[in-house]
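Make a model of the complete structure from these sequences and hints.
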Amino acid sequence: MWLRSQARWWCGALALAGALFGCASAAELSALAEHQIKALYLFNFTKYVEWPAAASNAAPFVIGVCEALEVRNDLVEITRDKRVQGRAIVIQAVRSAQDVGACDLLFIGATDQARIAEFLRPSRNAAVLTVGSAENFLALGGMVNFVRREDKLRLEIGLDAVQRARLVMSAKLLAIAGTIKGRADPMRK
Amino acid sequence: MGRFRQLSIRNKQMLISMLTSGVALLLACTGFVLYDVLTAQEEMRQNLLTLAEVLGNNSTGALDFNVPKEATEVLSALKARADVTAACIYTKDGTVFARYAQSGSPADSVPPPCQPAGHRFERDRMLLFHPVEQNGEVLGTLFIQANLDALAQRMQQYLKIGIGVLLAAMLMAFLLSLWFQRFITEPVLHLVQATRAVAQKKDYAVRVPKESVDELGQFIDDFNEMLAQIQARDAALHEAQARLEQRVAERTQELQAEVAERKRVESQLLQAQKMEAVGQLAGGVAHDFNNILAAIILQLDLLQDEPGLSPRVREDLQEVDKGAHRAAELTRQLLLFSRRQIMQMKPVDLNEVLADLLKMLRRLLGEHIDITIHGEPGPLWVDADAGMMQQVVMNLCVNARDAMPQGGQLTLGTRVLDIQAETVLANTEARPGRFVCLSVTDTGCGIGTQTLPRIFEPFFTTKEVGRGTGMGLATVYGIVKQHQGWIEVESALNVGTTFRVYLPARLAAPDGESVTALAPLPRGRETVLVVEDDAPLRKLSVTTLQRLGYHVMEAPHGAAALRQWNDYGGNIDLLLTDMVMPEGINGLDLAQRLRILKPGLKVIISTGYSQEVARLSAGKELDLICLTKPYEMRVLANAVRDCLDRV
Ligand SMILES: Nc1ncnc2c1ncn2[C@@H]1O[C@H](COP(=O)(O)OP(=O)(O)O)[C@@H](O)[C@H]1O
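Going down the list, the protein sequences come from chains A and B. Start counting the first sequence at 6; every next residue gets the next number (our numbering). Start counting the second sequence at 403; every next residue gets the next number (our numbering).
Careful, some of the hints might be misleading.
Claimed, not checked - In silico DSS-like pairs for lysine-lysine, Cα to Cα no more than 25 Å straight-line:
(1) B/Lys471 x A/Lys186
(2) A/Lys157 x B/Lys676
(3) B/Lys865 x B/Lys676
(4) B/Lys471 x A/Lys52
FYI, nobody ran anything at the bench for these hints, they're computed from the structure.
Set out below in structure tokens:
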């Protein structure tokens, strides 16, 4: 059992590395494991979202991962040698709500609603892009939610939460999002 | 090209200007169109590039988050672009991510495999591959295919405009060159006309009007100048030619005259040579004949002096004497002709000679011949033998009489004239200087051209036997020659003949001359040595001298004479010697040798050849007397006495 899961992980890691080094295709993407895709998307979000200007460029861009070990591991792999708006990237495991304040992007892998709410609360008024992977994530005040639909990973965006956090989300990201909740979006083309 | 060469210069120029402008315009149009096409292509590329940039930018999200639907939607915005026929987005690995095809175009056309960024034009479309990037990261490739309809349309428009402009330009070029032709073609045509006039009519007087001051004008100036020069040269040439022709004509005339002159001179020379030869011959015969006659005459003299001859014998002897004298006369004439007669040169007045002869001539010529004398006034002195001069006149007058049997006019004339060097050329015998001319003109039958060259030959006569001897003119010739003169004859058949005798004029009048009267033969007692190879003649001379009282010794030739001299020593007072003798010593040599033994020895040389003595004694200052054979007793006696009496 362990062996099997180990093998699967390695396969996914290899494929992901291939994708990142310039040969990932849509087909390959679809061949990736879900956690891998999630990790890739998480990193991609940094390109479509603008954070309020940071106090110092020297401060690293912190991606917090909560209860998603695989995704975190993948992220570490993906963001190696990468930068976001000139800032180095740090992947941080988020275990308690106190850790949330230091994050710029937070992935909450938990599916338990109470737990999600617990992690969302401290980020409510901070410029933290919160990404989740649960049924009511947007309703709980999350910003981006991964949903599986027609065997494909789709995005749900809660625009109100994004705007409340003073984050600016690219129209392109909105355009590809399966569902957008919140006010009718004037930026939608 | 050959066809182009045949065109007239007008058409050529037209064609050239039209071709030039056409080609230039075509090139310009092509350049312009090419530039425009390139610009249009670049514009199109930029356009598509911008489009690709926008589309690519809009598709990054779709690519990043793998949403082909979104990408397809982005591409579908191309509907608004009529020129874009197809588009496609490839993922990084080249698989088709999303595609677009214009409605109407084959929708199932498979997009080309992904290619590196760039663009290219195909026959009717343009293909553009453009990377889809985000923050410098390549996410995929965008492909756009556009048709070239706009470009083609533009090209068509250009073509129309271009053709229109070309046609208009050609028309303008045509009209302009028609207008400008006046400045180039017309002067050239004028030139051509002028050249043709020159070439065909040889008319160098034409000039081309100058209409401009450019190279053509310069050329026309030069051409006119050239024509002027040719004209001048032509005129000069014509003049030179005329001069040359004239000179050729003159020279031809001169040459003809020269040739005629030379012929005449040659014939004269021939005549002179002939006369000389005949003279030599006649002279040779006459010399011997003369000696014989001299002997006969002396013998007759002696015989007639013989006392106690019967009157009948005396009469016969007189007849023989007459005959001998006639023979002697003939011989004398021959010797005269051959110029071997010794002359008694004295100053003679030719007018006086004529006057003296006139009476006798009237008798000689008869009643029916009228004689006129046109004498130059005053005495005409010549150095001559008077007797010979009389003979010349007589002979010429007798001939004139014979030429006028029916009677006529005889004119005798004398005059003095100076012969110029030019006149001399006409006659080989003539010499320049002062001459006295004696002319005898008759109105007789004249002398034919056949006869004329021969009349001076001895024994040439046209008269019947017994009437003419043929010696008359020969004698005249000889005498005149001996007097350093010459004769000219001018004759026309049935009109008459003129003989002109030229004799050197004596420049000064002579002192008074005494005429020797006939006197008894002079005698002497001196010793005389007679040297003569002809024995009878020698005997006669000896006898004659002995009769006159001289002491005489004789010798047949020079050697014998020298012996005689040795025997008698200085007793000899006078040497009478023949000139030509055998044994190698001639008379002159003998005289010289004896003179060495006895200077002052008196010498008489007898000869038939007077010239010989003159020739041999020339420059030797010999004091001697010449005696011409045949001589009479009186002559011999006088000569001997004269010689002995000389101081
Ligand atoms: N005055 C003259 N007129 C015509 N013929 C002449 C005249 N004188 C000479 N002749 C011609 O020249 C020839 C030679 O003349 P000449 O020597 O005197 O000899 P001859 O009188 O004896 O004939 C003559 O026979 C005659 O034909």
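For each hint, the structure was consulted:
no.	hint	result
1	B/Lys471 x A/Lys186	20 Å, holds
2	A/Lys157 x B/Lys676	165 Å, violated
3	B/Lys865 x B/Lys676	22 Å, holds
4	B/Lys471 x A/Lys52	20 Å, holds
Hint 2 alone, counting from the list given before, is not met by this structure.
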